[in-house]
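Here is how the chains run, residue by residue.
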Amino acid sequence: MSPQLAKPSPESSSAGLHFNDTELTLGLPGATKSGTKRGFSDTVDLNLRGPCNTDHASNPSENDVSGDSKPPPAKTQIVGWPPVKASRKNVAKISKYVKVAVDGAPYLRKVDLEMYGSYQQLLGSLEDMFSCFPIRNYLNERKLMDPVKGSDYMPTYEDRDGDWMLVGDVPWKMFVESCKRLRLMKSTEAIGLAPRASQKCTSTSGSKSL
Amino acid sequence: MSEDRNEMPEPEVDTRRREIAGVLTGEFQSPSPDQVLENVLENVLLFLTSRRDRNAVSLVCKSWYRAEALTRSDLFIGNCYAVSPRRAIERFRRVRSVVLKGKPRFADFNLMPPNWGAYFTPWVTAMATSYPWLEKVYLKRMFVTDRDLELLAQSFPAFKELVLVCCDGFGTSGLAGIASKCRQLRVLDLIEDEVADDEVDWISCFPESGTCLESLIFDCIECPINFEALERLVARSPSLRKLRLNRYVSIGQLYRLMIRAPQLTHLGSGSFSSSDIVAQGDQEPDYISAFAACRSLVCLSGFREIIPDYLPAIYPVCANLTSLNFSYANINTEQLKSVICHCHKLQIFWVLDSVCDEGLQAVAATCKELRELRVFPIDAREDSEGPVSEVGLQAISEGCRKLQSILYFCQRMTNAAVIAMSKNCSDLVVFRLCIMGRHRPDHITGEPMDEGFGAIVMNCKKLTRLAISGLLTDKAFSYIGKYGKLVRTLSVAFAGDSDMGLKYVLEGCPKLQKLEIRDSPFGDAALRSGLHHYYNMRFLWMSSCRLSRQGCEEIARAMPGLVVEVIRNENEEDKDGFEILYMYRSLERPRIDAPEFVTIL
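In the order they appear, the protein sequences are chains C and P. The first sequence begins at 1 in full-length UniProt numbering and counts up one residue at a time. The second sequence begins at 1 in full-length UniProt numbering and counts up one residue at a time.
Mixed in with the good hints there might be a few duds.
Selected chain P positions facing chain C (Cβ under 10 Å, derived; list incomplete) [said to hold, decoys possible]:
1) L41
2) P114
3) C220
4) C223
5) E305
6) S327
7) N330
8) F376
9) R381
10) E382
11) I444
12) S491
FYI, nobody ran anything at the bench for these hints, they're computed from the structure. Backbone N, C-alpha and C fix where the C-beta goes; we use that ideal spot for every residue, glycine too.
Modelling step: build the complete structure from the supplied sequences, incorporating the hints.
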């Protein structure tokens, strides 16, 4: 008997369910009739339709009423849902621009903190931006932690309460939330702000979950 | 309007000439009573502006039909395929302003394949020769090309207002044509359009001598503009009242414009952020004074890339604001609170949910005059955090009793809060709730959202527009059918159990005009139940439902005055399968400009 992925025919809806029960099908153990078809379309249908979307031309017997089926795996995005226009999705993409000042530099710059997933990425980008000013990356444990070393700069930031904090103490996401502006402070001025080699401050990815 | 009399079509002109000739030669013949009546009627009808009233007038008798047709100056066509340009022009000969709407709303969310239709070209071509005195064109969801704009600019010497909403197909070169050739232009409003960057400096194309510009809105344009030219344009446009800038205008540039135009009533503030490089030594301009000088400012928007540090600059105008659009501003609760506490007169407020429930509570506490609220999601996905919930909705319902229109995106909601809103805000005309997770029940009781929406249709007696979401059974639809007697627009997604749902609505809502449904289990039987009503509707959209081709063909056969389009997904190989049913009444034969993936039954 050849195994088959059975496509339920319209006639089977009322009369033949018991007949169809005995049919050999290729499917996972316990999969129902409609389950096989739905399973197929779930994996193959890359148009990411909802659970209610069926082959319209036939299968009135299909029973996947959207109300009682489980919602699809959380991460699949459905076309056109939620109904937010593309222009809003793009522009409302989270961006958090903060000013960056470097002691001794005549110009400020601006960075979008949401572009980065970690402290490493941010500091790397700042180094590029202010390439003539070496920035102390004390988060990198391999570097020597010598707080008073020539022209190095300490990354600091002003938080929501108006206090000046050392970059790197709090989790990345929390930092993005509370940072109002950045200042790369000359190390010589930063005596007393001894960096803690905190194990917590791994470059936790602050990026949006997908 | 005496100048109209000179261009009157045939019979009336001859009669007038005879009358005048009679007066001159002494053989005066008093006009017939019919003529007097018609003249009087025309003069009276000039005052009638509502198109519904005019439609009623035109049904009285032939002479009234004629008089009305001659005196209608504002043409409104809600579906560009419901009538042909030729037919419209033949009936209405003296039109000064045209409103045309094209694609259905779900096209905004990529549910419709591109190149479906709604072309402006046949309309502008026909109007170019027939409506020489055209002054205003308002288009929504139409496909407009640069050539169309060029033709428009050339053909109408009295042209004053161009408003394009959610349109695409054109670019900055088309705008250049409008700017340079429409010498009487007062209004150029581009709202949520997709404008191609042809790298043409259209701002420089406005006439060098003063302009009569009153409104210039281009916040949707996603390419830089020539700022120096804009500054000069603003300086030579003394009538300018509305100016909405795009995100390529920095706050420093905004300042320069504001000090030149303190008479502005509507301002779109551009990026509201400094350009990348700001000299550290430089003083930032006094933004607060610039805003304080704009004493007439009532409507504020923009903030496209806001640096919240700059927010205090707007404090001086808050007390006068009636409309504030923060829907592109990524601000948090505290930042919102600092602004909203001053906005006592606010009537229209659009915001991102980044302000959280607490932000909405602050709105509720201050904005007692609020008529319209829209809360957009900063993270528009089904499984995102969801900073607003039933708490915010409840607060708004308690604080803003005069609310008429609400659009609310959230991740969780309760029936109780929706019921509260139905009772507290009895003036609601528009209620659109989008619970972003599909099939989500009341998150506290686990029940479907039927009772909440039921309460809305029951208690809000003026409701005309409704959008539903969350876990919904046929019960919700039975409520809508039973109580939603004034509902004209209904939007349904991932809702209902069976054909009964749609039946309730089609049989129960006599005023229903626009029905858009996606991913709901309604089939052919349900579709059939609306046959008595489809000619009264502007359109029906059903996508990813349980329809079959035969079912749609049945409708097409039964109703020859309907155009029944079945639209395939472009990737679909199965030629009989389809994604979308889109049908609408039409006086014409089915359109010939449909693309290959559209089948008209």
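Now for the hints, and whether the structure bears them out:
1. L41: violated, 45 Å
2. P114: violated, 12 Å
3. C220: holds, 7 Å
4. C223: At about 14 Å, which exceeds the 10 Å cut-off, the nearest Cβ of chain C leaves the hint on C223 (chain P) violated.
5. E305: Holds: closest Cβ of chain C sits about 6 Å from E305 (chain P), inside 10 Å.
6. S327: Where the cut-off is 10 Å and the nearest Cβ of chain C is about 7 Å from S327 (chain P), the hint holds.
7. N330: holds, 6 Å
8. F376: holds, 6 Å
9. R381: The hint holds - R381 (chain P) has a Cβ within 10 Å of chain C, the shortest such distance being about 7 Å.
10. E382: holds, 7 Å
11. I444: Not OK, violated: I444 (chain P) not within 10 Å of chain C, min 19 Å.
12. S491: Holds - the Cβ of S491 (chain P) comes within 10 Å of chain C, reaching about 8 Å at its closest.
Violated hints for the displayed structure, listed by number in ascending order: 1, 2, 4, 11.
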